[in-house]
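These protein sequence lines map, in sequence, to chains B and D.
Under the working numbering, the first residue of the first sequence carries the number 41, and numbering increases by one thereafter.
Under the working numbering, the first residue of the second sequence carries the number 41, and numbering increases by one thereafter.
Hint data in this document are derived by calculation from the structure and do not stem from the laboratory.
Just so it is clear, the structure is predicted and the values come from calculations on it, not from any experiment.
A hint or two may mislead.
Chain copies aren't distinguished; within one or between two, either way the pair holds.
Unchecked claim - Here are the simulated lysine-lysine pairs, DSBU-like style, with alpha carbons at most 30 Å apart:
| # | residue 1 | residue 2 |
| --- | --- | --- |
| 1 | Lys-246 | Lys-411 |
| 2 | Lys-597 | Lys-411 |
| 3 | Lys-634 | Lys-411 |
| 4 | Lys-610 | Lys-411 |
| 5 | Lys-597 | Lys-555 |
Number of protein chains: 2
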Amino acid sequence: MSPVFWIAPGGAVLALGFALFLALRNLRQSEGSEPMKEVARAVKAGAVAYLKQQYKGVGIFMAVVFVLLLVMAFMKLQVIFVPFAFLTGAFFSGLAGFIGMSIGVRSSARTTWAAKRSLNSGLRVAFSAGMVMGLVVVGLGLVDLSAWYAILRAVYANLDTVERLEKITSTMIAFGIGASSQALFARVGGGIFTKAADVGADLVGKVEAGIPEDDPRNPAVIADNVGDNVGDIAGMGADLYESYVDSIVATMTLSVVALKFTGFEVNGVLLPMVLAGAGILAAIIASFFVRAGDKAEQRVLLRALRFGTYGASILVLVFAFFAVRWLLPNHTQVYWAIVSGLLAGVLIGYFTELYTSDTYKPVQRISAEAKTSPATVIIEGLSVGMTSTIPCVVVVAAAIITSYYLSGGGSNPGLGLYGIGIAAVGMLSTLGITLATDAYGPVADNAGGVAEMTHQESMVRERTDALDSLGNTTAATGKGFAIGSAALTALALVAAYRDEFRIVGQRMVDDGVLKQLPSLDLNLLNPRLMAGVFIGAMLPTGVAAMIMKAVGRAASKIVEEVRRQFREIKGIMDGTAKPDYANAVRICTLAAQKEMILPSLLALASPVVVGVLLGAEGVVGLLVGGLAAGFVMAIFMANAGGAWDNAKKFIEKGHFGGKGSEAHRAGVIGDTVGDPLKDAAGPSLNILLKLMSMVSIVFLGLVLRYSLFR
Amino acid sequence: MSPVFWIAPGGAVLALGFALFLALRNLRQSEGSEPMKEVARAVKAGAVAYLKQQYKGVGIFMAVVFVLLLVMAFMKLQVIFVPFAFLTGAFFSGLAGFIGMSIGVRSSARTTWAAKRSLNSGLRVAFSAGMVMGLVVVGLGLVDLSAWYAILRAVYANLDTVERLEKITSTMIAFGIGASSQALFARVGGGIFTKAADVGADLVGKVEAGIPEDDPRNPAVIADNVGDNVGDIAGMGADLYESYVDSIVATMTLSVVALKFTGFEVNGVLLPMVLAGAGILAAIIASFFVRAGDKAEQRVLLRALRFGTYGASILVLVFAFFAVRWLLPNHTQVYWAIVSGLLAGVLIGYFTELYTSDTYKPVQRISAEAKTSPATVIIEGLSVGMTSTIPCVVVVAAAIITSYYLSGGGSNPGLGLYGIGIAAVGMLSTLGITLATDAYGPVADNAGGVAEMTHQESMVRERTDALDSLGNTTAATGKGFAIGSAALTALALVAAYRDEFRIVGQRMVDDGVLKQLPSLDLNLLNPRLMAGVFIGAMLPTGVAAMIMKAVGRAASKIVEEVRRQFREIKGIMDGTAKPDYANAVRICTLAAQKEMILPSLLALASPVVVGVLLGAEGVVGLLVGGLAAGFVMAIFMANAGGAWDNAKKFIEKGHFGGKGSEAHRAGVIGDTVGDPLKDAAGPSLNILLKLMSMVSIVFLGLVLRYSLFR
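Okay, chain B solo, but in the shape it has when bound:
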């Protein structure tokens, strides 16, 4: 084993150790007064109840897929390691979500308490909770990958280098399916949960009963807070865990192809893991840059977080420069692909902010439309969201082209595709800290809720509000980052699909399952490929529609439950009786789990169904069409939703009539429309993109065996 390899597990251990340190430091902080502890307990209980239920669902799903993969392995349609690797991937991803959320729910009251002392103290507690999530994701992800790499290396020790690496990577690429399945439940289920609770709490609480947001008399208030944690911490974490793992294994696979056919260096296979390990170090160092003074000004706070993320990016660029020189002395140009990946991530973040922050024109224009009518607010918001896709797509297209050609794809296509993969890895290498700036948001949000529910002095509420409002901005940027990295990762997976096709086909011929090596005609004018592109371009829209409906149905169940509690539990409104928070959480959980089935099935089944009906060419068309259209839809939904949200907040700051005005009502309508788009349907598309690619690769054997077109 090359000593270089140890950078990966080393980084992983470092990440987990530092996460433990941060977690313990947070837990040593006081959770505050008894009422604060009580609220925290309720949210904790709700989150645990949700996760339990989710893991039950995941468990059943995993069992089914595990058996399916086992059967496939016995039919020689899949390698025997895959079912087990599937389990470890799912386990570690689930574990990361569990740890991240456990620390998250334990940190919000502590953030409130620390904010009593100073803004910086509050920031440090909340941000540390975010860092724990970020570090656990990258740490466990790398542990899983390194372990399997070592195991498979031992298993295939008797093969020559190239063949061994091919075996290792072509097995490892299928692992992503575990993380993907976990992400599906966390992101889709969590998204439906969080929006259903939010909408349900608002509709009855704010609109019907006339009580403020986060009011403890609202039976759905805890569910709403739980939702922030399950959707934005656990969901986002699982989403990026998947991107992280997938981009690394896809790039490893692509490196072997480059190695086999075009004389690439053997160490190319290690670079993604090394880069990931170096990224962890960068993230940890940069996390020390994040500190604020005591002026609750958003600009200052934002600069503090930016200092952390940009700092990490610069450090990674330095580490990567030496890593590439060291590992790939003959292909140092690959470095530029890493640069372009990191740059694309930063640029997408910038454009997301441009279209969703109220310091810029687009959001202010939406607010201005609120003077005319809710309809013009909607039209303007749709149009802002749609317009924002233009620069983001141009950035991704540019990243594809530059990472391909700068790393040498012009003369050596295999190297170019490797470049695209390594660009995705580069973009994700600083995940430890970028995820932290994102997962920090819900903690701050909940801290505000705790302050509200326990009637803290106004200074505390101001500070938590400053932290929360910052969280909204970083959440938008984080979403842009999640979408961008999902797109590049999915692209790398699609590129790897062709090689998997060759490898799996050859294996099946060797095993006697297929008579002859199947051929793959990826010419765009192949009608099956074209039909696949059409279906792929429709899937994101179709899935988004289903999820929007699911949120609506789940929300109406919460509405009924809240109404029932108001009706049946006497004394809620005057504070003499306590609402049954747990039951609201339970109903929300069950509804989310039930409602996620249909859209998930569509995402899971379509690559297999299309594969059987239209062959592997149809699948590639499906993936590319789905990837391009899904990226556009995801950006549109995230940014339209974010823009409406901040347009409403801009009005609430006193513009165009301020709170309670007709314009504010129009702004609220815009925000309500945007909610399921940005927090449920949009993020689910990230999962869709990667999951479809993963399913296509894992079930390739099935398609090759049973497709109508062979």
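Given chain B's structure and the hints, the job is docking chain D onto it.
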């Protein structure tokens, strides 16, 4: 010249003759009382004023493109006939729009007058006006094509058959650019005009001044009526003229490829034209089936129109059966592609109705959401529009696959692509009557306006309402048909692009412009192709966003003008003074012409810019990505808009509180959001799809010469 050829010009003459007969018959009808004539005059004057302005804009644009094409011809980047053919295409398309609209605006008051007699009389006048538009489009389209075919055949008489046909078709395919440019102005400019006038009239008239719709005191009321004509008659006509001509020339081109490389029959090149000629006959015969009794029931009226369109489809199927046997005795299987094209058209129409008619669940569910809030109306409508893309895409994907494989693409790809083209021709062959059921709508709509403005007895208004409401349903189906045919046509154009690449490349090598034959790597994993797919998938969204903003800006100008007139012209409200209708029309026209520039430039420039930056592969990616995503977006926008419109009408029929209720207000907000989607942005995407393909083909020489990747 094969005698078979004469079926095409023969059909064209028949169409024009029958159109003349119908037009004269309509004009012989009385236009009614003096007030009715006055309203009609105002609309007529407004429409002529608009068209004059539009043709001025078109004229300048045409002059520029003509010179550009001439320069390209002198630089040997294009054939010398193309600039001239460009002019005739633009001229005939413009002429068709002019005639259709002239008869349209002359028929609305006559429809009102005839409706005084009986419902059937009203239907016949309005439907005849629609038939004139339909027949003039197909007639002039075929005249243009036949004439050029005959001319080029004579010019290239000394070449052998295959070479001659290749020269003819590769020149003719560039003709579409004329029709495309005209359609761009008519559809995009017309779309912005009609929605700006509509929204402007409503916002000030209904909301601010509190006067009913179509009230003669509203200065924008005539502009609103003019808008129906320029958007839904001239615009829709130009859109389908383009599809009609493009699908025929694309299929002719594809037939020559099949002929050259795989021994297809020479008559394959004539089949599209013959089919078009036969379709005209079918449409004329079927038009006699359209008649109603005197019960103003929508179901009965709808059945009358369906009788016409389905009748024409069946007749075409019969004619096509014999035409294929006769022209292609060795390839009779091509017939099944025609069947699948026609069937796809019918199915898309069916699904459009399912999602936009208030007799079905989806629209009723949107109405039900109006009880909760405007936000849920919007969410449900978005989700209905998005869901409706699922069956429509499946139908198109199935049409691609079946027309390809059933016509023999499995063993002979050239024949398969020809099959896709002929499916588009089949779908469009009955255009004479399908366009009639669509263009009939605005005539009936305006007839209702005339009845309202001239205070006719309630019986008349009831009858025109019945006709109008039917028009809404057929408009939705018509839109589905327009989108579906645009998709298949664009697909045929993309397929033809590869052959044009070869032909143009060869010509440029022969002419010494290029040193060596360029190569085209259409492998989907080519990064330039992939980047093209991403950009293509974004363009429809980007263009739609621009057009939505354009409508908003243009509408605000109308709002200002209407307010100004109310303020400055004393006595409008009590009816003692007349508003300045013409000025409102003028302002609307100028705004529409100005606002269409930016989105049009994006559509026109992107294939050339992408071609220069990413090469021809990037262009193909752009076209396919744009086609798939654009189809999805167009369906989504048309159906969401149609569903909101009818959900509002469903409430107005007395459900969920009826007119004036809170639910109705929510429904109106949904309708207002949907308007620019369904009547401006959505339809523009049809043009985008075809125009991009056309521009790509026409400017191929430029790309081959100046691309960075050669």
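We went through each hint and held it up to the structure:
1. Lys-246 / Lys-411: For Lys-246 and Lys-411, the Cα distance is within 30 Å both inside one copy (22 Å) and across copies (17 Å).
2. Lys-597 / Lys-411: between (33 Å within a copy, 17 Å between copies)
3. Lys-634 / Lys-411: For Lys-634 and Lys-411, only the inter-copy Cα distance (26 Å) is at most 30 Å; the intra-copy one is 40 Å.
4. Lys-610 / Lys-411: Answer is between; shortest inter-copy Cα gap is 28 Å, intra-copy 41 Å.
5. Lys-597 / Lys-555: Neither: 54 Å inside a copy, 70 Å across copies.
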